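Peer 1: Residues per chain are reported as follows:
There are 2 protein chains.
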Amino acid sequence: MNIAVIGLGLIGASFCKAIKARTEHTCYGMDTNGQSVEKALADGSIDFAITNENIHLLSVMDITIIGLHPRTAIQFVLDNLQHFSKGSIVTDTCGIKTSIVDALEDKLQSRGVHFVGAHPMAGREFSGYDYSLATLFDGASFIVTPTQNTDSKALETVTELARRIGFGKIATATPEKHDRIIAYTSQLAHVVSNAYVKSETLLERSGFSAGSFLDLTRVARLNEHMWTELFMDNKAPLLQEIDTILANIKAYRDALANGDEATLKNLLRVGRELKEESMKHDVNKRK
Amino acid sequence: MNIAVIGLGLIGASFCKAIKARTEHTCYGMDTNGQSVEKALADGSIDFAITNENIHLLSVMDITIIGLHPRTAIQFVLDNLQHFSKGSIVTDTCGIKTSIVDALEDKLQSRGVHFVGAHPMAGREFSGYDYSLATLFDGASFIVTPTQNTDSKALETVTELARRIGFGKIATATPEKHDRIIAYTSQLAHVVSNAYVKSETLLERSGFSAGSFLDLTRVARLNEHMWTELFMDNKAPLLQEIDTILANIKAYRDALANGDEATLKNLLRVGRELKEESMKHDVNKRK
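First to last, the protein sequences are chains Y and P. Going by the numbering used here, the first residue of the first sequence is number 7, and it counts up by one from there. Going by the numbering used here, the first residue of the second sequence is number 7, and it counts up by one from there.
Please keep in mind that the hints were generated in silico from the structure rather than gathered at the bench. All figures in this text were calculated on a predicted structure; none of them were measured in a lab. Treat the hints loosely; a few may be bogus.
As the list claims (entries may be wrong) - Interface residues of chain P toward chain Y, partial, derived using beta-carbon atoms under 10 Å:
id, residue
1, L84
2, D85
3, L87
4, Y258
As the list claims (entries may be wrong) - Between beta-carbon pairs, the in silico distance windows are:
id, chain 1, residue 1, chain 2, residue 2, range
5, P, D249, Y, Q115, 44 to 54 Å
6, Y, L84, P, H231, 53 to 63 Å
7, P, G50, Y, N272, 39 to 49 Å
8, Y, T141, P, D144, 49 to 59 Å
All C-beta atoms, glycine included, are put in the ideal place defined by N, C-alpha and C.
Produce the entire structure from the sequences given, and follow the hints as far as they go.
Peer 2: Next up, the structure:
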C-alpha cells in the first residue's frame, strides 16, 4: 500500500519507522518542519516527502494517517478534502475522538473517503522526531472508534496495519465512550501529576524521593499545547473526573483533620480493594 | 556485631537477609508470627530467634533495629527498656520520625542507650516476610534524623551498616524536616493514588490503560493499618500538602470549566517547568 503520514512528531514518525521496519508498504511523510522531513528521508523512515507543492500525491494513498494535534488535524483534513481519493482511508492519532469524528467523518464520507478514528495508546515524556522509535507501539493498545457509518473493510485494514507495526491489543469503543474513559485513565493523570509538583516542598526533597513521588509526577512533564487542546475538547468528561477525585481526596483530608482514624482506615481499605480488583483486568501490567 | 531485628515483615526481614548476605554480623530475629521466625531460621536470614522467654538476649545486642509500625515500635521499646544495654544502639525504620524520636530518645538516653531515628526509603506493593529481599535497599536512600542529643559514633555505626547492606545514599534531616518532606513525597502520593481509583470509570478501562494510569495508581495498593498510623501521626504536614494539591487541581478545574484556554495552558506550562527543574535534583532517577 501507499501510506502517507502527516506530521512527523513522536507518534507520526514512529508510525513511519514501524511501517518501514515491519511492512513492505511505501511510506510518504509530510511535516512543516523541514529538518524532520530531511532526517526521515535520510534515515529511511519515509520513502518520499510530501510538500505543499506536491500535495496532490495524497490522491495516490491507500491510507493517510494524520499524526497532528486535534485542531491542526481537523484543519489539515478539511483543507485537503479534494486530494483524498474515493475509496481511500483517512485515519488519525488524536487522544480525543468525539470532536475529531464529528468534524471529519461526514465531510470525508460525502466524498466517498473512509474515515477511521483511532488512538494509539503510546507515548514518551519527550516529543518530536528525534524521540520516535520503530518499537514505540510494541504491546500497546490501539483504540479504534468506529461509528455506524464506518466501513468495515476500512476498519479491518487499519487494525491489521496496527497489529503489523506492533500494537498488542485492538480495543473498540464509541467515540463518546473513548473520551469518557480516556478522561479518567490519561487526562486526569496528567492534571493530577502536573498539579502534584506545585508544592513548595518540591525542591527540598533531594534524597527523599521514593518511587511513589517519581510515579506520581512522571507525566507532569507534558506538552502543554497538545494537552490544552485535548482537555478543552473533552471538557465535560474531564470535569467530571476532576470533581470526582477532588471530592475523594477531600474525604481523606476531612477524616485526617477530624482525627477520625476509623474513617481514614476505611477509605484506604476501599481504595486498596478497588486497586486490587482493577489489577485483575489489566492487560498492560508492569512488574 | 550482634544485631537484633524486631519484626520480620518486609522491611525487617529484608534487613536480616541483607545483613546475612553482606556482612559478618550475627543476626537475631523476633516476630509475633511464629511462621515468619521459622522461615527466617530455616533460610538462614537470622542466626537465632528472640522470644518473650529469652527477651533478655536484647542485652547482648550492639544494635537493635525496630522493624515495626510506629505505635507498636514505640510500645516495644518502652516495654523492654530494661533489656537494652548501656552503650548499645536502638534504631527504627518508621516512615515518620518526630513522634518516634519524641517518644523514645529521652527514655533510652536516660539509661545510656543510644537512639538513632532512621527511615529506609524502600518498599514494595506487598508486605510480609515472603516478599522480603536481600536486595531491597540497593541504591535506595537511608534517611537518618539525628538530634543535638544523638551520639555521633552511634550515628556513624548505623549509617555504615546501611551502606554495607546496599543503601546508595545517606540523607540527614531533623525529624521535623523529614516529616514535612515525607508528607509530600510519600504520604501525599499514597493519598492521591488511593483516591484516584475511586471513579466509576475504573472498571470500564480494560484496554484503555496507558502507563499514566498505572503510574498514578501503583501505590493505591497499600497497607491501610500502617498508613493510617503514619498519616495520623503526621497530621499537620500532610494536611498542608493535601490542601495544597486540592487548591492546585481546582485551578485547572476552574480554567477548564470557564473555557479559559490561556490560563489552562499556563498552569500546565508551570507544572512542566517545575517537573523539569526538579528532575535536575533527582538522585533516584528512573529511565
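Peer 1: The structure should be examined with respect to each hint, and the outcome stated for every one.
Peer 2: Status of the hints after comparison with the structure:
Restraint check, L84/P versus chain Y: the minimum CB separation of about 21 Å is more than 10 Å; hint violated. Because the closest C-beta pair between D85/P and chain Y is about 22 Å apart, greater than 10 Å, the hint is violated. Interface restraint check: L87/P against chain Y, minimum CB-CB distance 27 Å, threshold 10 Å, status violated. Satisfaction of the interface hint for Y258/P is found here, the shortest Cβ-Cβ separation to chain Y being roughly 5 Å, below the 10 Å cut-off.
Restraint check, D249/P to Q115/Y: a C-beta distance of roughly 51 Å satisfies the suggested window 44 to 54 Å. The hinted window of 53 to 63 Å between L84/Y and H231/P holds, with their beta carbons roughly 58 Å apart. The hint said 39 to 49 Å for the Cβ distance between G50/P and N272/Y, and at roughly 40 Å that hint holds. About 28 Å separates the C-beta atoms of T141/Y and D144/P, a value inconsistent with the hinted range of 49 to 59 Å.
Of the numbered hints stated above, those contradicted by the structure are hints 1, 2, 3 and 8, listed in ascending order.
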